[in-house]
Amino acid sequence: MIEDADTSGIVKQVVVGLQMLFVAFGALVLVPILTGLDPNVALFTAGLGTLVFQIITARKVPIFLASSFAFIAPIIYGVQTWGIPATMSGLMAAGVVYVILALLIKARGQGIIHKVLPPIVVGPVIMVIGLSLAPVAVHLAMGKTGDGAAVLFSQGPALVVAFVALLVTIFSVLLGKGVIRLIAILIGVLAGYIVAILFGMVDFSKVIAAPFFSVPS
Numbered sequence: 002m003i004e005d006a007d008t009s010g011i012v013k014q015v016v017v018g019l020q021m022l023f024v025a026f027g028a029l030v031l032v033p034i035l036t037g038l039d040p041n042v043a044l045f046t047a048g049l050g051t052l053v054f055q056i057i058t059a060r061k062v063p064i065f066l067a068s069s070f071a072f073i074a075p076i077i078y079g080v081q082t083w084g085i086p087a088t089m090s091g092l093m094a095a096g097v098v099y100v101i102l103a104l105l106i107k108a109r110g111q112g113i114i115h116k117v118l119p120p121i122v123v124g125p126v127i128m129v130i131g132l133s134l135a136p137v138a139v140h141l142a143m144g145k146t147g148d149g150a151a152v153l154f155s156q157g158p159a160l161v162v163a164f165v166a167l168l169v170t171i172f173s174v175l176l177g178k179g180v181i182r183l184i185a186i187l188i189g190v191l192a193g194y195i196v197a198i199l200f201g202m203v204d205f206s207k208v209i210a211a212p213f214f215s216v217p218s
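152 is the number that our numbering gives to position 151 of the sequence shown; each next residue is one higher, with no gaps.
Among these hints, one or two may not hold up.
Unchecked claim - Mimicking DSSO-like on lysine-lysine, the simulated pairs with C-alpha atoms at most 30 Å apart in a straight line are:
1) K116 to K61
2) K61 to K13
3) K178 to K61
4) K145 to K207
5) K13 to K178
6) K61 to K107
Claimed, not checked - For each label pair, taking beta carbons as the anchor points, the in silico distance ranges come out as:
7) G84 to V17: 37 to 43 Å
8) Y78 to V174: 46 to 52 Å
9) V12 to P125: 38 to 44 Å
These are calculated hints, taken from the structure and not from any lab test. No residue lacks a Cβ here, since even glycine has one placed at the ideal position from N, Cα and C.
With these hints in hand, go ahead and build the complete structure from the sequences.
Here it is, written out as structure tokens:
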């Protein structure tokens, strides 16, 4: 009985972790695509940063460090105005500031965060970031690129895939119980992916041709 409980617990953790991987991967790849940067670099640095973070925190915080949507607008402006090298330097400077603030919070305590950034400030900022990305979601659901500049798939099949994924996710949350409700996003992603395969929208040729190991450019 104990072994069965341990096994079911491990399986549950693996499934939930897989859902987190899909959720984080979408955000991780979307940001460099929207900003014109190399997704491979984002994947490599996110993986490296996550491993370092887990080592430093002794695996106490189950977090995957993905791309931040808060930097989309500054990165786009920086690339268009000063180019990629200068923008990367700016991102490195932002990382240094982040470390300094983290050390300050460690020294002064978490209370300083609530004083400087109360919920009434953080909430609207998160809403603005989400609403600013709404056009991107609409374009992708219609079979276009994130900026709507190019058409990738026909609008009809693309909308079907988007609505199937959305509805399956919603119904899994509302009607599902236990683990089903917990992995609603993963179920929605799988349902949408299956429909996309049926419509012939999934091409495995680039995946098959890609090397198993490669260095980001």
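Each hint tested on the structure:
no.	hint	verdict
1	K116 to K61	holds, 25 Å
2	K61 to K13	holds, 19 Å
3	K178 to K61	holds, 28 Å
4	K145 to K207	holds, 20 Å
5	K13 to K178	holds, 14 Å
6	K61 to K107	holds, 16 Å
7	G84 to V17: 37 to 43 Å	holds, 41 Å
8	Y78 to V174: 46 to 52 Å	violated, 37 Å
9	V12 to P125: 38 to 44 Å	holds, 40 Å
Violated hint: 8 only; the structure is consistent with all others.
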